[in-house]
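Sequences are here, hints too, so could you generate the full structure?
Chains as they are written, first to last, in the numbering used here: chain A, 1 to 129; chain B, 130 to 377; chain C, 378 to 528.
What the hints contain is simulated information worked out from the structure, not anything from laboratory work. Each hint should be verified, as a subset may be incorrect.
Have a look at the derived ranges for each label pair, beta carbon to beta carbon [to be verified]:
hint, chain 1, residue 1, chain 2, residue 2, range
1, A, 104, B, 370, 31 to 41 angstroms
2, A, 8, B, 177, 21 to 31 angstroms
3, A, 116, B, 181, 57 to 67 angstroms
4, B, 215, C, 496, 14 to 24 angstroms
5, C, 511, B, 199, 40 to 50 angstroms
6, B, 261, C, 464, 55 to 65 angstroms
7, C, 492, B, 260, 12 to 22 angstroms
8, A, 56, C, 405, 50 to 60 angstroms
9, A, 17, B, 261, 41 to 51 angstroms
10, C, 464, A, 45, 15 to 25 angstroms
11, C, 494, B, 255, 38 to 48 angstroms
12, B, 359, C, 496, 42 to 52 angstroms
13, B, 249, C, 492, 33 to 43 angstroms
14, C, 501, B, 249, 34 to 44 angstroms
Glycine is no exception: its CB is placed at the ideal position from the N, C-alpha and C atoms.
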Amino acid sequence: MAREYPWRRRAGWWLQNRRYLAFQLRELGGVVSAIYGLIFLNLLRTLRAGESAYTAFVDMMRTPPILYVNLVLFALLVWHAVTWFMLIGKSQPIQFTERPLPWRAVFGVNVLLWIGVSGAVVYLIFGGF
Amino acid sequence: MAGRDVVFRVKRYRPESGGKPAYQDYRIPYRDDMVVLDGLNYIKDHVDPTLTYRWSCRMGICGSCGANVNGTPRLTCGTYIRDVHKGTVTVDPLANFPILKDLVVDFDDFLTKLASVTPYIVREESGDLSKEFVQYPEEVEAYRQQSLCINCMLCYAACPVFGASPEFIGPAASALALRYIRDTRDEGADQRLARLNTKSGIWECTFVGECSVVCPKDVDPAAAIQTLKFLATMRHMRRLLMPGAPSR
Amino acid sequence: MGEELGATRESLAYNPGRETVHADQKAGEPEVFLEPLLWGLFSLGGFITAFLFPITVFLLFVAPSFGLWPSDPAAYATFAAHYREPLVRVFFFALIGGSLFHGTHRLKFMLVDAGLRGPGIEAALDIILNAIAIVGTLGALYYAVRGWLFA
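Below, the structure is given as structure tokens:
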């Protein structure tokens, strides 16, 4: 007869508190990025195939219900990005100074950097407005 | 503020009588200055002497009174009843560990994991040990945070990865590995990183981060593990690209 | 009441469903080879994903549909013209490769966490998911250099 009582984790453990749920959504956002990786790959494939294939694919991505799926996935991507910036300062303490910078400072710098990089993408990759 | 009651819903497990763990309710009086451990001691002294739990210092440094209070791993000596109860305080043994009796869990597993990262200063035997080893304040600062760990294992109870995978080396043992790796007196980084770069090592961690949330000493084991992943990857790359070079 | 008091430690450790693992039994556990490399790619991909993805998805698939942008960056003529530039090709190569290595790594651990564990299953997951990442990255490389380095 067992004397110790064994532990079993509940299947829905990530619904147990808000932080676990935030974590699970962040992980999902990471997976979503790979889905968009495949979507971009297909975008390049249709670009190669010609205007009609390309336009058909882009139109499909913008037609409901896929449009709404896009919105949800986009929200997950943004959440993934924001949490990533929050965690960088914790996982790789930046040590320009004698003591590592607090993670909030690193988060702030990262968000500013994010805005800057996004602006650069708008101009360098997509040719501005 | 006399005359107030609180219900303690405590998980009981008596291995000698068989059966599964089950809750038992105790209604006890409490004051605002009582912590959950005081409530358990009241039950033991006045209501039910068979209730079994660990405690020692009552001041948050011995690390033995951890339990899941209302589902969250806490030191019962540092958790005021007034802060956690909504009529009922639910006390479970620390999650993720096998239960020995009532609130007492088996943590042999943790101790052997801890031992596996050599949580002490490792020196080359040929070195000169007769001289004083000077350490500057900023060098102490580099490992001070992780050195505050009191081995209370709340981080293990909070870790869903450990909950699903008992082999996982887990938060505290990893944090203490980093504590010695960052110590300028230590020369054991290579053997620790070798231990951590295994199937049961740091790679299973998905940075849930709850270990650092529940840590009563702000050791931040979640961040420590990510730093260790970075160090282990750098060591791995060095060994791949420069096979002859020393690992550190 | 199957056991006498004073039964040995071994009987106490009997624990169906969750074996009590002792790390000393794991001394000399072999180091893993791929995990650090995959984690390195995962991290790199994480930076790429976090910094570059939201704006790109917003411009291509979200903003034009809701009239949030003056022009349509995904219109064929516009996009095809931009895609002739090497910088844009490198950008999409990094985007696709980084996100695939990042996302498949996350997916693996989500699946392991959901219960797909065990040496055989995890090895199969590693092979399938990394194959997707590698093939996708090679595909991105092909579309990046085709029409630039060769016709």
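> Which numbered hints does this structure break?
Replying inline: 4, 7 and 12
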